[in-house]
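Protein sequence lines, in the order shown, are assigned to chains A and B. Count the first sequence with full-length UniProt numbering and you get residues 1 to 547, in order. Count the second sequence with full-length UniProt numbering and you get residues 1 to 547, in order.
Worth flagging that the hints you see were computed from the coordinates, not collected in a lab. A hint or two may mislead.
[What the hints assert, rightly or not] Each computed EDC-like pair below joins lysine to aspartate or glutamate, with the alpha-carbon atoms no more than 16 Å apart:
hint, chain 1, residue 1, chain 2, residue 2
1, A, K293, B, E267
2, A, K293, B, E63
3, A, K412, B, E154
4, B, K293, A, E269
5, B, K45, B, E63
6, A, K111, A, E154
7, B, K135, B, D112
8, B, K412, A, E269
Protein chains: 2
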Amino acid sequence: MRYWNSWGHDNTEKPPLTESALTFVRETLGDSQPLPEATLEEVCKQVPESRLPDHALIDKSAEVRVRHARGQSLPDWIAMKSGDFGCFPDGVACPETPEQIRELLELSREKDFIVIPYGGGTSVAGHINPQQQDKAVLTLSLERMTRLLDLNEESQIATFGPGTPGPMVEAQLASRGYTLGHYPQSFELSTIGGWVASRSSGQQSLRYGRIEQMFAGGRLETFDGTMDIPTIPASSAGPDLREVVLGSEGRFGVISEVKVRVTRAPEKEEFIVVYFPNWEKAYQFCREATQQKIQLSMLRASNAVETWSQLKLAGHDDLVAWLERYLRLRGVDEGKCMVTFGITGNKIQVMAARGQVHKLIRSYGGVGMTGLGPKVGRLWEKGRFRYPYLRENLWKHGYAVDTLETSVNWDKTNTTIDGIENSLRTALEDEGEVVHCFTHLSHVYTQGSSIYTTYLFRMGKTHEETLARWNKLKKACSIAVVEHGGTISHQHGVGRDHAPYLKHEKGPLGMAALYSLSEHFDPDQRLNPGGLLEEITENEKSTEGAL
Amino acid sequence: MRYWNSWGHDNTEKPPLTESALTFVRETLGDSQPLPEATLEEVCKQVPESRLPDHALIDKSAEVRVRHARGQSLPDWIAMKSGDFGCFPDGVACPETPEQIRELLELSREKDFIVIPYGGGTSVAGHINPQQQDKAVLTLSLERMTRLLDLNEESQIATFGPGTPGPMVEAQLASRGYTLGHYPQSFELSTIGGWVASRSSGQQSLRYGRIEQMFAGGRLETFDGTMDIPTIPASSAGPDLREVVLGSEGRFGVISEVKVRVTRAPEKEEFIVVYFPNWEKAYQFCREATQQKIQLSMLRASNAVETWSQLKLAGHDDLVAWLERYLRLRGVDEGKCMVTFGITGNKIQVMAARGQVHKLIRSYGGVGMTGLGPKVGRLWEKGRFRYPYLRENLWKHGYAVDTLETSVNWDKTNTTIDGIENSLRTALEDEGEVVHCFTHLSHVYTQGSSIYTTYLFRMGKTHEETLARWNKLKKACSIAVVEHGGTISHQHGVGRDHAPYLKHEKGPLGMAALYSLSEHFDPDQRLNPGGLLEEITENEKSTEGAL
Numbered sequence: 001m002r003y004w005n006s007w008g009h010d011n012t013e014k015p016p017l018t019e020s021a022l023t024f025v026r027e028t029l030g031d032s033q034p035l036p037e038a039t040l041e042e043v044c045k046q047v048p049e050s051r052l053p054d055h056a057l058i059d060k061s062a063e064v065r066v067r068h069a070r071g072q073s074l075p076d077w078i079a080m081k082s083g084d085f086g087c088f089p090d091g092v093a094c095p096e097t098p099e100q101i102r103e104l105l106e107l108s109r110e111k112d113f114i115v116i117p118y119g120g121g122t123s124v125a126g127h128i129n130p131q132q133q134d135k136a137v138l139t140l141s142l143e144r145m146t147r148l149l150d151l152n153e154e155s156q157i158a159t160f161g162p163g164t165p166g167p168m169v170e171a172q173l174a175s176r177g178y179t180l181g182h183y184p185q186s187f188e189l190s191t192i193g194g195w196v197a198s199r200s201s202g203q204q205s206l207r208y209g210r211i212e213q214m215f216a217g218g219r220l221e222t223f224d225g226t227m228d229i230p231t232i233p234a235s236s237a238g239p240d241l242r243e244v245v246l247g248s249e250g251r252f253g254v255i256s257e258v259k260v261r262v263t264r265a266p267e268k269e270e271f272i273v274v275y276f277p278n279w280e281k282a283y284q285f286c287r288e289a290t291q292q293k294i295q296l297s298m299l300r301a302s303n304a305v306e307t308w309s310q311l312k313l314a315g316h317d318d319l320v321a322w323l324e325r326y327l328r329l330r331g332v333d334e335g336k337c338m339v340t341f342g343i344t345g346n347k348i349q350v351m352a353a354r355g356q357v358h359k360l361i362r363s364y365g366g367v368g369m370t371g372l373g374p375k376v377g378r379l380w381e382k383g384r385f386r387y388p389y390l391r392e393n394l395w396k397h398g399y400a401v402d403t404l405e406t407s408v409n410w411d412k413t414n415t416t417i418d419g420i421e422n423s424l425r426t427a428l429e430d431e432g433e434v435v436h437c438f439t440h441l442s443h444v445y446t447q448g449s450s451i452y453t454t455y456l457f458r459m460g461k462t463h464e465e466t467l468a469r470w471n472k473l474k475k476a477c478s479i480a481v482v483e484h485g486g487t488i489s490h491q492h493g494v495g496r497d498h499a500p501y502l503k504h505e506k507g508p509l510g511m512a513a514l515y516s517l518s519e520h521f522d523p524d525q526r527l528n529p530g531g532l533l534e535e536i537t538e539n540e541k542s543t544e545g546a547l
Numbered sequence: 001m002r003y004w005n006s007w008g009h010d011n012t013e014k015p016p017l018t019e020s021a022l023t024f025v026r027e028t029l030g031d032s033q034p035l036p037e038a039t040l041e042e043v044c045k046q047v048p049e050s051r052l053p054d055h056a057l058i059d060k061s062a063e064v065r066v067r068h069a070r071g072q073s074l075p076d077w078i079a080m081k082s083g084d085f086g087c088f089p090d091g092v093a094c095p096e097t098p099e100q101i102r103e104l105l106e107l108s109r110e111k112d113f114i115v116i117p118y119g120g121g122t123s124v125a126g127h128i129n130p131q132q133q134d135k136a137v138l139t140l141s142l143e144r145m146t147r148l149l150d151l152n153e154e155s156q157i158a159t160f161g162p163g164t165p166g167p168m169v170e171a172q173l174a175s176r177g178y179t180l181g182h183y184p185q186s187f188e189l190s191t192i193g194g195w196v197a198s199r200s201s202g203q204q205s206l207r208y209g210r211i212e213q214m215f216a217g218g219r220l221e222t223f224d225g226t227m228d229i230p231t232i233p234a235s236s237a238g239p240d241l242r243e244v245v246l247g248s249e250g251r252f253g254v255i256s257e258v259k260v261r262v263t264r265a266p267e268k269e270e271f272i273v274v275y276f277p278n279w280e281k282a283y284q285f286c287r288e289a290t291q292q293k294i295q296l297s298m299l300r301a302s303n304a305v306e307t308w309s310q311l312k313l314a315g316h317d318d319l320v321a322w323l324e325r326y327l328r329l330r331g332v333d334e335g336k337c338m339v340t341f342g343i344t345g346n347k348i349q350v351m352a353a354r355g356q357v358h359k360l361i362r363s364y365g366g367v368g369m370t371g372l373g374p375k376v377g378r379l380w381e382k383g384r385f386r387y388p389y390l391r392e393n394l395w396k397h398g399y400a401v402d403t404l405e406t407s408v409n410w411d412k413t414n415t416t417i418d419g420i421e422n423s424l425r426t427a428l429e430d431e432g433e434v435v436h437c438f439t440h441l442s443h444v445y446t447q448g449s450s451i452y453t454t455y456l457f458r459m460g461k462t463h464e465e466t467l468a469r470w471n472k473l474k475k476a477c478s479i480a481v482v483e484h485g486g487t488i489s490h491q492h493g494v495g496r497d498h499a500p501y502l503k504h505e506k507g508p509l510g511m512a513a514l515y516s517l518s519e520h521f522d523p524d525q526r527l528n529p530g531g532l533l534e535e536i537t538e539n540e541k542s543t544e545g546a547l
C-alpha cells in the first residue's frame, strides 16, 4: 500500500538510519524533537463537501481526495504530517481511455471546473496541488492507464499509457527484451506521462538521453480535441511540437499516450565508484570524460562535504573506517570526492569505455577503479531508488531534508555551487540554526552540468515554524540559482514553487510566448492554473507586465 | 565570385561530367537540348523601381536585388536561367550588428514593409523568394555578420554572427583547435543562422547531432525587442524556447546571434565505403549499427540504382570496371549497395567503432572494409561538398536534376522509398518522359532514417514546359511522402514549396498552435509571409480552417 503522508510503499525495503548516522546528524545540527503527526482519519474528517456533481468516473470520497491533494515537496510533507492541507480537490477521476479523458475535459468546460492532470503525485515543486478558488477542482489521475500498448521492435518505439510508473515501464519492456533506461530518483512512483509533462531526467541520461530525447510522439488531449504527434525520427518541418508538450506541466492539455524510443536490454552494465583527492580533480575528470564523448551511461560527482556526509549517513562505521584507511594508503584522504559512473553497452563498448575512463581517472589521481570501485558501485545500484525513504527516517527524529537542483555551463559550475551552498548555510543565521548542505553533479553535458544540492535542517517547534524555515531556505537558494544564471530546475520542473523565478531564464519575450501558448490551448485557464506560469492579471499581460 | 544564376563560386574546383557519364544520362533519359540562358545584364534591366525609401543600410541597386531574389530550388534555377524572375525584393539591407537589425525591423514596422531574413540563399524550398504584393519587400541579408564572436573553451560554446557560412565557421574554430562538425551538402554557402532557422542536418549528425543538438542559445530580434535565450545545458523549466526558434524560418524574428556547442578537433577521422550484396543487407546493417549505438560519425546507404548510377556518373570507366571486378570476385555483384560511414574520435573510440562495425559488416556480407573502403572513402571526403555543382553540368546538356528528402521510422523505410520512387517514375508518363531516380539513407536514428531521393529528367522545349514537368514531379513525390507518413522535410525546411503539406504531419491542432505563435510574434504578418505557414484568410483561421 502506498503511504498517504510519506514517500513510497510500505512493502518496499527501506534503508536504515543507524545510531551512528543519527549521531552524525545530531552533532551537526544539534538535538531535535519530532513533531506530532495527524492521522489519515483526522485529515479525512476535514475534507469539505465536494462541489462536483455525481459522475461515474469521479470519486468524491474523502480518502481519495486526501491522497491526491499533495505531492512530495517539503511543504507538502508539512501539510501531510500536520494535517493542515489547506484545500483538497473536489474529486478524483481515473479515466481508463483517451475517450474518457476527453469526456472529462468536455464536462469540465461545460460545468466550469478546474482540471489538474495527475501522474504519480511525486512533484517536489507543487505541480498538482489544488488552490483555494471559487470553481470546483477535478484531479484527473492517470493511474489506470498503465499498459504497454504497443512495441514496434523494428523501429524500437514503445507506446505506453501515460500513467505507467517506472517499474511497470521497465517490467513490461523487460519481458520483451527492451529497456527505456529512464531512472529518475522518483522511479518507483513517477509516471511516463509525468516525465514528459515535467521534462524529467534519469540517472543514466548520458546513454539514454533525457525524456526529451526519448519522447518520440504521442497524444495530447486538449479542449479543442486531440493533438496527435506522429513519431518521425527527425524533421526540419518547422518548430517541433513535442517540445511544446514537453514541460507543459498540464497547462496545454492532458497527455493520453506516450510513445518512447526504447533500446534492447544491454549486454553488459556496471556501476563503479571511484575517489579523487579533491573536488577540482573530480570536477575536471567529469568535464573531460563528457567532452571526450566516452560512452558512459552515467556520471556523477559528489563534492567533499557530500562525500563524507554520505559515508557518515551510510552508518556502517567499520566498513567506512576500512574504506578510508584503504584510500588514505593510496593518497586520497581529507577533501576526497566520490565519483560514480555507469558503463552500459555491448562487450566492445564496455571495454572501450573502461579503457578510456581508467586512463582518465589515473591522470586525475583517482583511485578505486579496479578493486573497490565495482563493489561499492553494486551497493549504489542496489539502493539507487531508496534514497527518498531517508526523509522519513530523519523526519521521525525532528530533522528535515530537502534538495534543489539546477544546471549551468562548466565555466559557472563551481561559483554556482558555492553560491547555492552559501545561500543555504546562511539562510537561518538569524535564528542561530545550522544548515548542513552538500552537492553533487548529477547529470553531465559537453557544455556543463546539473548541480544537485541536499540540505538538512532542524525542524522548528511547530509545523508552521518548520515551514517558515523552509520558506527562507527555498527563497535564498532560488535567488542564488537565478543570480548565477542557472535554470530554476534541471529535472524537477516548475510547478508553483518555481514559477516566480521562471522569467529570469525565459526573459520577457519568452514568457510572453509561453503565456500566448497557454491562452491558445486553454483560453479559460482551466488547466492547472498557476502551475508553470503564474497567474497574471489583465494589466500585467503586456510583455513588460509578465516580468 | 559567387554565381548569380547557379550554385557556388567560380573559383571552386568542380567535378567534371565525363563523356561516358553523359552517355549514361543520354541512354537513360533520351537525347536533350539545353535551353537558352538570360544574362545578368538582361535580368537587371527588368528590375522595377524600388518602393523603398533611401536608407544608409539599404542597397537598391538592380544587381544586388537580382542576386537576392531567388534560392537554389529547381524553380529558382528555371527563373534564373530563363530570366523570368517574376519579382524582386525592393532592396537588400546588410546589417552588421544586432542593433542595425532592430533598426531595420523598426523601420519596416513604421513604413509597412515586408521583411525577408536571408542567410546563404541556399534554400531549395522557396524560403526567401519575395512574392508579388502591394507592400515593399526588404530582404535582410546577414552576410556581413560572419565572425566568431566568442569561444568559451571550458564550456565548449562558440558564439557566431548569424550569417557565418560553413567554411568560415570551421576555419575560425579550427584556428583554435575546435570544430562544430555541421556539414550539410550546402556547407560551402549556407550559414549558421540559416541552419538554425531551417533545422538543418549535417552529414556527420551521428556524432555531432543535428543543428537542434548544437544550438545552445542566442538572440532572436523580434518586433517587440530581443529574445535572449541563455545557454543552459539542460532544463526542465517549461517548454524549450530554442525549439521555437529552430525551424521558425524567419517567421518569428531575425536570428542575430547563434551560440553553438563545439567539440575539440578529433584525434582521428576516417571515411570508409563498403558494398553489400543487396539492399536488404545494407539496410539491416545500418539499422543494427545505429540501434547498437556504435560510435560512428556518419552512416549512409545507397540503394542499388543509386549505387550503379553513382558509378556511372563518376565517369571513370576503367576504375569502375576494376572495382566491379574486385567486388564480383568477393560475391558482390548485380544489386550491390554502397554504404559510406565515418568514424571520428580518439584512438580508442575509433578502434572500438572499427571493431564493432567490421564484425557487423561481415555478418551482413559486406565487403571492402579493409582494402578498398578507406581509399574510396577518401575520394568521397574530398568531393563531399561538390555534388551541388553537378546540376550545372547536367543543365548545360538539357537535363534537370532535383532531390527530395523525408524521414520515417525503420518499419516504414522500404515502403516509403518504393512509394516515392514509383511516384516519380510515373509522374511524366503522360508525356512519355522517363524519370531516373535513386535513393540513399542519409541520416540514421535508432527509430528510423532519412530518405534522400535524387531524380533526373529531361528538360522541356521551353523553360515553362520544364517548370511544368517539375511541378508534376514535385506534387507526386510530396503526396507520396505525406501518404507514407513521412515528414515533408528532414533537412531542407518548409519554405513555400512544402508549406501546403505541413498540416499532414502537424495536424489541425499543431497547425493552430504554430499560427498562434506566428500571430504572437508578428501580428502584422510582416516577416516572410507565406513561408513555413501558408497565408490563410480570416475565415480559415479556425482550427478546422487551418486544414
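Here's how the hints hold up against the structure:
Restraint check for K293/A and E267/B: satisfied, since their Cα atoms lie roughly 12 Å apart, inside the 16 Å limit. In summary, the hint linking K293/A to E63/B is not supported, as the alpha carbons are separated by about 48 Å, beyond the 16 Å threshold. For the given pair, K412/A sits about 10 Å from E154/B by alpha-carbon distance, which is consistent with the 16 Å threshold. Note on K293/B and E269/A: the hinted pairing holds, with a Cα-Cα distance of about 14 Å set against a maximum of 16 Å.
This hinted pair checks out: K45/B and E63/B have alpha carbons roughly 9 Å apart, not beyond 16 Å. Pair hint K111/A plus E154/A does not hold up; C-alpha atoms about 45 Å apart against a cutoff of 16 Å. A distance of roughly 7 Å separates the Cα atoms of K135/B and D112/B; the hinted pair therefore holds under the 16 Å criterion. Distance hint between K412/B and E269/A is unfulfilled; the C-alpha atoms sit about 32 Å from each other, more than 16 Å.
Hints 2, 6, 8 from the earlier list are contradicted by this structure; the remaining hints agree with it.
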